[in-house]
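K.L.:
What follows is the residue order along each chain.
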Amino acid sequence: MSNSPSLTESIRPGADPHVAERARLGEIDESVRLPVLVFTIAALFWLMVGTLFGLLASFKFHNYEFFADAAWLSMGRIRTAHLNTVIYGWSTCAGIAVALWLMCRLSRTRMRHANILIVAAIFWNVGLTVGIYGILAGDMTSIEWLEIPGYATPLLFIAYACIGLWAIITFRFRTNSHVYVSQWYILAALLWFPWLYGTAQIMLIFEPVRGTVQSLVNWWFAHNVLGLWFTPLGLAAVYYFIPKVLGKPIHSYYLSILAFWTLALFYNWAGVHHLIGGPVPAWVISAGVVASVMMVIPVLITALNHHVTMVGSFGMLKWSPVLRFSVFAAMSYTAVSLQGSMMALRSVNEITSFTHFTVGHSHWGMYAWFTMAMFGALYYIMPRLLKREWPSATLIRVHFWAVALGVGTYIVALTIAGWIQGLYMTDPSRVDSFGDITSFTLPWLVVRSISGVMILIGHVAFVINVALILAAKPAKESAPTLFSETSDDLGKEAARS
Amino acid sequence: MKSLPVIFLGVFFTLAFSWTGVVLIPQQQFGALERQEADDGTMHPAPLSGLATQGLQVYLDLGCVYCHSHQVRRPGFGGDTEWGWGDRQSVARDYINQPVMVLGTMRTGPDLKNVGDRIPDAGWHYTHLYDSRLSHPDSIMPPYRFLFEKRKITGEPHPRALSGLGDQAPPEGYEIVPTRRADALVAFLLSQRLNYDLEEAQREF
Chain A
1 MSNSPSLTES IRPGADPHVA ERARLGEIDE SVRLPVLVFT IAALFWLMVG
51 TLFGLLASFK FHNYEFFADA AWLSMGRIRT AHLNTVIYGW STCAGIAVAL
101 WLMCRLSRTR MRHANILIVA AIFWNVGLTV GIYGILAGDM TSIEWLEIPG
151 YATPLLFIAY ACIGLWAIIT FRFRTNSHVY VSQWYILAAL LWFPWLYGTA
201 QIMLIFEPVR GTVQSLVNWW FAHNVLGLWF TPLGLAAVYY FIPKVLGKPI
251 HSYYLSILAF WTLALFYNWA GVHHLIGGPV PAWVISAGVV ASVMMVIPVL
301 ITALNHHVTM VGSFGMLKWS PVLRFSVFAA MSYTAVSLQG SMMALRSVNE
351 ITSFTHFTVG HSHWGMYAWF TMAMFGALYY IMPRLLKREW PSATLIRVHF
401 WAVALGVGTY IVALTIAGWI QGLYMTDPSR VDSFGDITSF TLPWLVVRSI
451 SGVMILIGHV AFVINVALIL AAKPAKESAP TLFSETSDDL GKEAARS
Chain B
1001 MKSLPVIFLG VFFTLAFSWT GVVLIPQQQF GALERQEADD GTMHPAPLSG
1051 LATQGLQVYL DLGCVYCHSH QVRRPGFGGD TEWGWGDRQS VARDYINQPV
1101 MVLGTMRTGP DLKNVGDRIP DAGWHYTHLY DSRLSHPDSI MPPYRFLFEK
1151 RKITGEPHPR ALSGLGDQAP PEGYEIVPTR RADALVAFLL SQRLNYDLEE
1201 AQREF
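Residue numbers (this note's numbering), protein chains in the order written: chain A, 1 to 497; chain B, 1001 to 1205.
Hints are computed from structural coordinates only; laboratory data are not their basis.
Short derived list, chain B residues pointing at chain A, Cβ under 8 angstroms:
#1 Phe1030
#2 Ala1032
#3 Arg1074
#4 Thr1105
Covered stretches of chain A (in silico footprint by chain B; criterion: 3 or more residues with CB under 8 angstroms from a CB of chain B, positions within the stretch not fixed):
#5 73-86
#6 134-141
#7 200-213
#8 261-275
#9 280-290
#10 352-362
#11 420-434
All residues carry an ideal CB built from backbone N, CA and C; glycine is no exception.
Build out the structure end to end from the sequences listed, making use of the hints.
P.N.:
And the structure:
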């Protein structure tokens, strides 16, 4: 504050450029508030349901009599219900909520006819409810990541079409000439998803191709849902929130362009590494392995860009919840992507394929990376939409530590167990029988259940905090809720803007 | 990077590129494979029977694929043949009669592509589905008792009532009878055999 305004200047609202800007942002937030809230609440509902399904499936691994006589709670179905609720319920709804909010903010324009998005949200959630019911009732397709029966998916597709179209229309109404990194990622994701989902539905459910070409379509789709839908949405969030909380621009705009296009080019092809050694042509698999390894380029560029942006500001992790979740996510993205490139090598894949190692890897990606990025984003967005602060810093702290330690335990346990399981399976002479491998993994699977309980505790803390902030009255003036009360004012200022 | 058309075209062409490579070219290459005639004139692979096709539906709706893979990798890669899951690798032609692919990504349990040849005894499969620990004490496969019916014996016992259930045996005067779904599932499992030769399956890689 080197050039302080005079007394009369200081009390005239128009004189402060931030006031006009904040009023504008407030108006934009207002226009998109309802759809974002609806998608967020739906996401949290599915997060809780999905967590319970996951825990149930995990318990069934070491307690085979657990609900054994209920067909709808049998292993294959409950595990699949878990996957589909967390993918299409939690992750997709949260991703859409964050994408819609970011799109309005970054395009500096309000959401037009937001009611269409409410209709889309209802369609999506009704479709998903029917789909999950179908899975539990015995209509699932057993095509990985596409288990929702064919009678529910058209509903999902229609809902999605409205959402994608509305976000792109919002981009068309943008009022500033600069297009942010996050906007490309969101736009790309919004365009990729319907093509992936539509193509896969047609080629696998409605007019199935023959033989193992199905498996190629299957993994082209399933891995691209991660790579071209969740990853861009997560990156959009991280690219926005890390610089935003730090109050400084991303280190290099050009590096982010490079990372974007290399990701677009390579991630596409990577999915077939799930079929290494399988009954499909070796050349397709080789192409997939090359693409998986090439993913190192966008991943390292992104990591470098975020890291250099963070340098000098790591201290802020102590008090900013948004930053802590986002940085945890960004670091997980780097680690899990490099691990994924390794796992695509034939020599490594020979061991890790068909083991719990892969399950650990997928939770590292979908949870420690994507889900944590969404938590970070929601911690930033909710107070701005509702014009009030998070009621409890303690609940945020419980949330962070429970899920961070929970997923950390999960990953470590399954990575170790899976690797050893893989060594045994590759060389049967190391064990007496297949049952020995099963017995070996059991204690690790118990650890997995414990980590699941920790994650559940974290989710309960988050949901309580969301319920409290929804119920609270709007505050006239407030400061962000931070982990530590002794933070410096500079940091608070940055977080508020 | 300032306009929608650039992003739109870039996004379209990257996805079209991988779709062409991963889906379209393989579809042209082996999407219409035919059965192969063996020296003795039989055609391989044999079509699935009606009951086995119904069994595949049971296999799908119970999600067997999430613990059991359905592919044998080549000898020397991953120990599949050492485990005795098949004498040869499974190749694309082995799957052409099956309407839905369940290659799988997890082996909490053993591979099932050749299970009909490995364990041809239907009775074993019924008891194994009823309680896997009767044959494998270390198994963590959940019991699929809901594929069976516990009935009071009236008159003659059912000819296909399960026997050898050990401590899982029903009380005196009752019997455990497979449902139609269990019959179909076992028919599908028994149909999964790699006991024939295909030219391409013998190729060294």
